[in-house]
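K.L.:
Chain by chain, the residues:
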Amino acid sequence: MKISRNWLQTYVNLAGLSAEEIARAITFLGFEVEGIRETGAPALAQVFVGQVLTRDKHPNADKLSVCLVDLGPAGGVKTIVCGAQNYQVGDRVPVALPGAVLPGNFEIKPSKIRGQSSDGMMCSAQELGLSEGATGLLILTDRPEVGLPVNDALPPGDTVFDLEITPNRPDCLGHLGVARELAAWFKKELTYPAVHYVPEHADPAPRPDLLRTLRVDAPADCPLYTATVLTGVKVGPSPDWLRQRLTAVGLRPINNVVDVGNYIMLEYNQPVHAFDARRLGGQTIIVRPATEGEKITTLDKVERTLPAGTLVIADANRPVVIAGIMGGLDSGVSADTTDLVLEVANFRRQSVRATSKRLGLASDSSYRYERGVDPHSLEEAMHGCIDLLLATAGGKVAGPTLKVGGDVPWQREITVTPAFINERLGFTLPADEMQAALERLELETVRTDPTPDRGPAWTFAIPSWRDDLDRPIDLVEEVLRLHGSDRIPAAPVVAPALLADDAPIVGFNRRATDALVGQGFSECITYTLRPEKETAAWIPPAAESKFQNPNSKITAAFALANPFLEDQSHLRTSLVPGLLTALQLNQARGTAAARLFETGRIFVERDSQLWECAAVAFVICETESDRAWLKRPAADLFTAKRLTESLATAAGIDLGRQPLAPAGATAPGWQAGHAAAAGELQHRGWTAQFGLVDLALLQSLGVAGRVHAGVFAILPEMLGAAQARHRYTDFSLLPAALRDLALVVDAATPAGDVQKILAKHARAAVGSAFALESVSVFDVYAGKGLPEGKKSLAFSLIFRAPDRTLTDDEVNAVFTKIQTAISADGTITVRA
Amino acid sequence: MPGANDESPRTRKRFPAPGIHRLPMQDQLSALLAKAAAELPALASRPEFEAAKARYVGPHGELTALMKQMGTLPKEQKPVAGKLINEAKTQLQVHLDAALLRLAAAELAARLGPAVDATLPSPDATPGTRHPLTLVRDELASILRKAGFIIADGPEVETEYYCFDALNTPADHPARDAQDTFYLPADARFGNVAKKSPDEKYLLRTHTSSVQIRTMLKGPPPIRIIAPGRVYRRDTVDATHSANFHQIEGLYVDKGVTVRDLKALLDYIFASLLGKDTKVRFRPHYFGYTEPSFEVDLSARHLPKVNKEWVEICGCGMVDPLVFEGVGYDADVWSGYAFGIGLERLAMMLYGIDDIRYFYQNDLRFLRQFS
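As given, the protein sequences belong to chains Z and U, one line each in that order.
In terms of my numbering, the first sequence opens at residue 1 and continues consecutively.
In terms of my numbering, the second sequence opens at residue 1 and continues consecutively.
One chain only, chain Z, in its complex shape (with noise of 0.2 Å):
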């Protein structure tokens, strides 16, 4: 919203303060200041106005001319050498003088051009810092006196600030609003525009052919309509000080009838809408629902066709306007227009708003609609309109002005003592100043109570265009705002323990973190929201079948209803795409080999639902390309693997005792027979997968190498069940009795089942006697020596007594035991 010192100055007078101050002054009272701009001429000191007499040809040069130029009383005739073309001899043009310093500090001195002496520099406006790029000297065509302080001929210079304002203050759409704002924080009177206009001034008899009624269909939406006929109006220019104002706030002067309608709009904060009367077909306006197929080509030369229910301003015919936003092209004010329909309208914000935002049209007006123009400063606005436009384009009201609706009166109290103001500042301010501030903002105190400890309870009439203000509290920010919230005292901060905890999730991914950053990951950050090609890489084939539309994409459970890019339209479910998208960066960067992790949200399907997990996970690349002067021996899945189960230890969950399945089929971005998954959301609440990342799908991707990762994801209300305090268990201190047993088992045998059936029978050999300690693979074998599809799996039990050292006999009886058990069901050998 640009605002117009010199518009300001109409309301309030803020002469003697400089911008920065009007500016600090807004933006304490609310108002982000986003630019000033300051217009018009700078005071230029020796600069006058100065009349052209002779004008030759300089001898020495073709393109200059020498002439002799009359400044008056400021300075006699001079002699001037000049290489501006668009001037003759009697123009009246701005003289700067020796002494004058122009804008850029270019200080004019008397000099010799070409052998001839010049006294002085004859100007162009962007000489005098008037306007950029225009050439040729300023002719002064309303011929200025000549010897005028040339500050005196040209239009006055503005300031325009830029401001946002905020949605609680329509009122400040005007510049009526932001005038009392200002007169309020520097105390000063506001001057209310003069309006003279009264509806006693209007030719009694309403022009039979035009306007003769209203009619409102939808009044919830339109609940105040007004229009004035005018008649015998002179469309033309608007005079300079109207266009002034109105090109200093950014909007181009069309003619007086729309600047008029501008102004007032600016002014007010209350919509204009004005028709040529000979064009609007009948002699009613009905202000209705639009119905289906109806068309409108609006202002901006666009047909548009509106959808039912629209509410439009129609004549006998077609929809005229669309209410509140933009009018019609062929209803609207041209050159030959002599008769107006002056529209002043109240419409219901959420109407205007729902319109502008199914037509994709926005105006200056549906803005100030949208977030509420006050019914009850129409009437005054209209009156104001009439006022401008009969002095600006002549003609004489013909009839009274048409009014439908406006039934309610406005009212309303807030009653507030000093002590709840205090009490919510944290600090006191004198009762006084804060009834005063209140005043200033044109609160009327109607009533004041005693009360026994309170102070007085001050009752004030809310202001109707204040609809922001409703309760005490509101008026406690009123009062700051006018004491300065920059005032607000310092003070110790006071903070009494509330002994509480940090969400679980705190410290989940703090431990994760810890973890990963200690094994040298970098902590990444990549974006939730992913394409859909590549959320379809991670989703479960088994997902597609969950969901009830069979025929929807399996993507379909992750997109947004309205992404705004094509590549983030999905909800990631993976983290692991992210990172490999940070790898994919890297290596085109240069950067081949690279440790990253990332702990964030990720939404894995469940029981035809999505369940927002929290997850973190890690890749680990390692390319052929790798150089290093000492090769370490590659990561491989053992390496996610241990990396991964710190993940869950992070959630309290030992991994190494859970269940693992190959990924692959099941869980595609993993590579088949090189990637394993544990968990499930279903019953546990959380999964973990680590392994080889698809060797194809890095190839699409473009990620060079060899990818490693591990992912763990858990429901956040999984976190935090109190963990149980770890108690001591006691251990013995004799020496153990080792034996090593190596077992051969199909090739395609998983090694942990075959130990968990060792440990079994283990366990059932050595009963109560003693106790197993632990059994543990120490190597793996297939080849020479062994059967084709066989494999040999090396154990090393561990046997250990709690009272005595184990004797021989005793343990080897066992160990027979436990091979003669293993080896019953024949899937199992024991390798000689």
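Hints are computed from structural coordinates only; laboratory data are not their basis.
In this text, a Cβ means the ideal position worked out from N, Cα and C, and glycines have one as well.
Fair warning: there could be bad hints in the mix.
Across the chosen pairs, the derived CB separations fall in these ranges [stated by the list, open to error]:
#	chain 1	residue 1	chain 2	residue 2	range
1	Z	Ala782	U	Gly352	35 to 45 Å
2	Z	Glu566	U	Pro174	16 to 26 Å
3	Z	Pro492	U	Gly352	28 to 38 Å
4	Z	Ser776	U	Ser197	50 to 60 Å
5	Z	Ala220	U	Ser142	49 to 59 Å
6	Z	Leu733	U	Ala98	40 to 50 Å
Mind docking chain U on chain Z? Use the hints.
P.N.:
Structure of chain U alone, referenced to chain Z:
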């Protein structure tokens, strides 16, 4: 070499004094020691050493053999011979020890390999790093923890109630536009994000204020929480805008919480973060869920790339009574404040980063700058 039997027993008996008459054994011992002194330093391995040692002092060794001769000597010669043998034995042991020491040292040296050039770089993974947004978040959280704020959490997929309605943002408010907010389709279903009413839509939260509502609905005041987290706006991506970004929002609800308390807290936060010379000022502003509301400006000229006197850094205000009513708190009893800080904006200011997109590109040359 003179034999052991060259001298008669009588002579040996008559000239018992040592040093005066040379015993034949003396020469033999000297020869043996000379041989050992020549041979032992040349030994190349422990087995050679063990073999050589056996040749001298083993059961069939030369010294052992000489010692065995002792028994055959006349009685009067025995003390002298015994002394000679002991001396020789001691000397031989010195040679053996020296040889063993030398071999052990050689063995250790062989295990070590050549000296290593410590100026070569380690080929191991470089130290891990935390993301700058994590660092800033953690720093703020620890500053606020001192003032008693604990971290609360809530879902990123939210419903209209928690994100808007409960925060006094009515249905026709521009913030709720599909133009500004990401919505999920009407039939979207989330297992662990409950809706307040069946016909409200799911969306991606536009602020973490939704966590404040969830926290207040969970229990009575007093409450003092911060809610850091990811939020979403449907916005064009450029140097200062991103489809997702991060906030840290704070909420304090208690009896008698004032505007001055809010200012005191923000003064404390930014003095802790940026130094005592940092100035903080409140400008009145408007948010639907606070009244009064403020925008907070910082004056911190010492920061990199800050070339304005005042930089806008956060929004805050006193919790609007309507919000309290919505969660069932009595607005006449309780008051409170809330504030929200954009983490990206703050991190950009603190580190002098000029493009928000760097946070999400994860270029390692960027990530490694902040540890």
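K.L.:
Z/Leu733 and U/Ala98, beta-carbon distance inside 40 to 50 Å?
P.N.:
About 43 Å separates the Cβ atoms of Z/Leu733 and U/Ala98, which means 40 to 50 Å holds.
K.L.:
49 to 59 Å was suggested as the range; check whether the CB atoms of Z/Ala220 and U/Ser142 agree with it.
P.N.:
holds (54 Å)
K.L.:
Confirm or reject the claim that Z/Ser776 and U/Ser197 have a C-beta distance inside 50 to 60 Å.
P.N.:
At 56 Å between Cβs, range holds.
K.L.:
Look at the Cβ atoms of Z/Glu566 and U/Pro174 and judge whether their distance stays inside 16 to 26 Å.
P.N.:
Taking Cβ atoms as reference, Z/Glu566 and U/Pro174 lie about 25 Å apart, which means the hint holds.
K.L.:
For the hint 28 to 38 Å, verify it against the beta carbon of Z/Pro492 and that of U/Gly352.
P.N.:
holds (32 Å)
K.L.:
If you check the beta carbons of Z/Ala782 and U/Gly352, does the distance land in 35 to 45 Å?
P.N.:
violated (59 Å)
Checked against the numbered hints above, the structure violates only hint 1.
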